[in-house]
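Colleague: Using the hints, put the two standalone chains together into the complex.
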Amino acid sequence: DQQVKQNSPSLSVQEGRISILNCDYTNSMFDYFLWYKKYPAEGPTFLISISSIKDKNEDGRFTVFLNKSAKHLSLHIVPSQPGDSAVYFCAASLDLNFGNEKLTFGTGTRLTIIP
Amino acid sequence: DAGVTQSPTHLIKTRGQQVTLRCSPKSGHDTVSWYQQALGQGPQFIFQYYEEEERQRGNFPDRFSGHQFPNYSSELNVNALLLGDSALYLCASSFADRTYEQYFGPGTRLTVT
Numbered sequence: 006d007q008q009v010k011q012n013s014p015s016l017s018v019q020e021g022r023i024s025i026l027n028c029d030y031t032n033s034m035f036d037y038f039l040w041y042k043k044y045p046a047e048g049p050t051f052l053i054s055i056s057s058i059k060d061k062n063e064d065g066r067f068t069v070f071l072n073k074s075a076k077h078l079s080l081h082i083v084p085s086q087p088g089d090s091a092v093y094f095c096a097a098s099l100d101l102n103f104g105n106e107k108l109t110f111g112t113g114t115r116l117t118i119i120p
Numbered sequence: 004d005a006g007v008t009q010s011p012t013h014l015i016k017t018r019g020q021q022v023t024l025r026c027s028p029k030s031g032h033d034t035v036s037w038y039q040q041a042l043g044q045g046p047q048f049i050f051q052y053y054e055e056e057e058r059q060r061g062n063f064p065d066r067f068s069g070h071q072f073p074n075y076s077s078e079l080n081v082n083a084l085l086l087g088d089s090a091l092y093l094c095a096s097s098f099a100d101r102t103y104e105q106y107f108g109p110g111t112r113l114t115v116t
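Residue numbers (the working numbering), protein chains in the order written: chain A, 6 to 120; chain B, 4 to 116.
Isolated chain B (complex conformation) (with noise of 0.2 Å):
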């Protein structure tokens, strides 16, 4: 049983960038979610994505976007890149009506320098 994967493991940007992170969730699973941690922070939330639409987001602003395909899998797309975008950015999957249960994936570390 495949668990939640992302790509890429690791990836350095410059500043202005933009990026986009990749992410198979758990089979099965048809709700996304994506997270922001940064080094000695927990998780953040960044947003939502179910039946292919933002189900809810966090306090991100709009240069954070997502996208979810008919297969569940999604992206994380970063526009305009910051030095604070800086961090390890998770995918979780989980069942519609299970949300509050997540598995995660091995995260994608993402520097900008």
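Only chain A is shown next, with the shape it has when bound in the complex (with noise of 0.2 Å):
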């Protein structure tokens, strides 16, 4: 049961241009979302998160919305540059009591910027 869809494997931007990736979850609970960005032969790198009482963080180049109704969110990155080429996964974390914040994580897309 994958909780956490990220439907499109792969996307491909014209450099300086908007690059959004997708997430969708199915389970309610998720009150925590983040953004992890990969490169290869290194591990994820935490790039931005948002908490279910919010529908917009934002931070430099990147933005993430949060759709809770839709069970939806998106990261937008503009404008994008060619450092920006990786797989970028979408994770989500049930109730952020103590001990029970393992990530769940969807499968990834992978963006490349063209120059």
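If you are wondering where the hints come from, they were derived from the structure by calculation, not from laboratory data.
Cβ atoms here follow ideal geometry from the backbone N, Cα and C, with glycine treated the same way.
Any given hint could be a false lead.
As the list claims (entries may be wrong) - Have a look at the derived ranges for each label pair, beta carbon to beta carbon:
1) A:64 x B:100: 19 to 25 Å
2) B:11 x A:120: 18 to 24 Å
3) B:86 x A:7: 18 to 24 Å
4) B:25 x A:10: 29 to 35 Å
5) B:62 x A:22: 27 to 33 Å
6) B:5 x A:58: 32 to 38 Å
7) B:59 x A:14: 26 to 32 Å
Modeller: Quick look at the structure:
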């Protein structure tokens, strides 16, 4: 049962344009969401997160939007740069009570920025 | 500031053998989680250790076991290896009260032949 889904295995975007990566989830108990970026031969790197009490969180070129009613979140990268080329994983955590914060990951989207 | 380190980088084992993977958490972190990432999939949670005890466990058989040492480093042991255990094994560390923000190591690539 895939509780976190990234339906686009790959995405290509022109340098300087906006990249939009999407993620859907099925478990309404998830209340914290994260995006990780992964380069080959490296572990995932934390990028940005959002709590379920918010609908938007921004950090520089990266913005995450959360639509709880649709159980959907998206990561916007603008402007896209060649160094953004990587695999992006969406992850979700059940309630933030101590001891119950394991991460459930999606299958990832490979983003390629075209110079 | 040293990040999460894992050893070895790569490992080749035969079916039926046993393997031990090692992880040192990021400086200051006290909680270690282990994940299995099969090819083309996202990381899947195996278990999490805090205060030298297993705090949470994912849907993995008892062949997968772990340990956390007083210095917060951790080991993942897999017994009776199966071909399907071939994967990238990722270790992540965090603070106990912020385990939703995990920092990952580069992983150990295990190949079972």
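Colleague: All the hints need checking, so say for each whether the structure fits it.
Modeller: Taking the hints in turn, this is what the structure says about them:
{"no.": "1", "hint": "A:64 x B:100: 19 to 25 Å", "in the structure": "holds (22 Å)"}
{"no.": "2", "hint": "B:11 x A:120: 18 to 24 Å", "in the structure": "violated (36 Å)"}
{"no.": "3", "hint": "B:86 x A:7: 18 to 24 Å", "in the structure": "holds (23 Å)"}
{"no.": "4", "hint": "B:25 x A:10: 29 to 35 Å", "in the structure": "holds (33 Å)"}
{"no.": "5", "hint": "B:62 x A:22: 27 to 33 Å", "in the structure": "violated (40 Å)"}
{"no.": "6", "hint": "B:5 x A:58: 32 to 38 Å", "in the structure": "holds (34 Å)"}
{"no.": "7", "hint": "B:59 x A:14: 26 to 32 Å", "in the structure": "holds (29 Å)"}
The structure fails hints 2, 5 (numbered hints given earlier, in ascending order).
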